[in-house]
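K.L.:
Sequence:
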Amino acid sequence: MTFLDDKMPEASKAFGDLRSAIFRANALDIKTKELIAVASAVLMRCEKCVKIHSERAKEKGATEEEIAESISIAMFIAAGSQLHWTDAYDEILDGTEE
0 MTFLDDKMPE
10 ASKAFGDLRS
20 AIFRANALDI
30 KTKELIAVAS
40 AVLMRCEKCV
50 KIHSERAKEK
60 GATEEEIAES
70 ISIAMFIAAG
80 SQLHWTDAYD
90 EILDGTEE
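One point on numbering: in numbering that gives the first Met the number 0, the residue at position 41 of the sequence shown is 40, and numbering is uninterrupted.
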């Protein structure tokens with residue numbers, strides 16, 4: 000974030016503060032939060048984020064299997080989010096489109 004550090008230091012600091020507020024042990028442990036971040040990064044299609052959060056999850060004790068499961072959950076959510084389109088298609092074919 001060197002660019003933001005140089006050009007918008009307040010925004011860069013705010014982003015860092017947000018990360019510090021979220022990625023601390025609380026109701027969820029940090030490993031779990033990093034696994035959620037891996038899945039979220041997959042859904043956001045942020046390759047760099049997947050790499051960063053996978054590495055951080057491993058540092059907090061996550062196994063490669065746990066990371067793979069996190070990714071598979073993201074894949075499931077992505078696929079499931081498209082299912083309602085099959086209903087829309089059925090309505091179009093039936094002529095019941097609203």
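Read the hints as simulated data drawn from the structure, not as lab findings.
For each residue, glycine too, the CB sits at the ideal point set by N, CA and C.
Incorrect hints may have been included.
Computed beta-carbon distance windows for the label pairs [unchecked claim]:
{"id": "1", "residue 1": "Ile91", "residue 2": "Ile35", "range": "34 to 42 Å"}
{"id": "2", "residue 1": "Glu46", "residue 2": "Pro8", "range": "37 to 45 Å"}
{"id": "3", "residue 1": "Leu17", "residue 2": "Arg44", "range": "33 to 41 Å"}
{"id": "4", "residue 1": "Asp93", "residue 2": "Asp16", "range": "49 to 57 Å"}
{"id": "5", "residue 1": "Gln81", "residue 2": "Ala24", "range": "31 to 39 Å"}
{"id": "6", "residue 1": "Leu82", "residue 2": "Ile35", "range": "43 to 51 Å"}
K.L.:
Does each hint fit the structure? Answer for all of them.
P.N.:
Hint-by-hint comparison with the structure:
Distance hint check: the CB atoms of isoleucine 91 and isoleucine 35 are about 36 Å apart, consistent with the given range 34 to 42 Å. Roughly 27 Å separates the CB atoms of glutamate 46 and proline 8, a value that falls outside the hinted 37 to 45 Å. The supplied range of 33 to 41 Å is broken by leucine 17 and arginine 44, whose beta-carbon atoms lie about 21 Å from each other. Checked against the given bound of 49 to 57 Å, the beta carbons of aspartate 93 and aspartate 16, roughly 52 Å apart, stay inside it.
Between glutamine 81 and alanine 24 the Cβ separation comes to about 35 Å, which falls inside the hinted range of 31 to 39 Å. The hinted window of 43 to 51 Å between leucine 82 and isoleucine 35 is violated, with their beta carbons roughly 22 Å apart.
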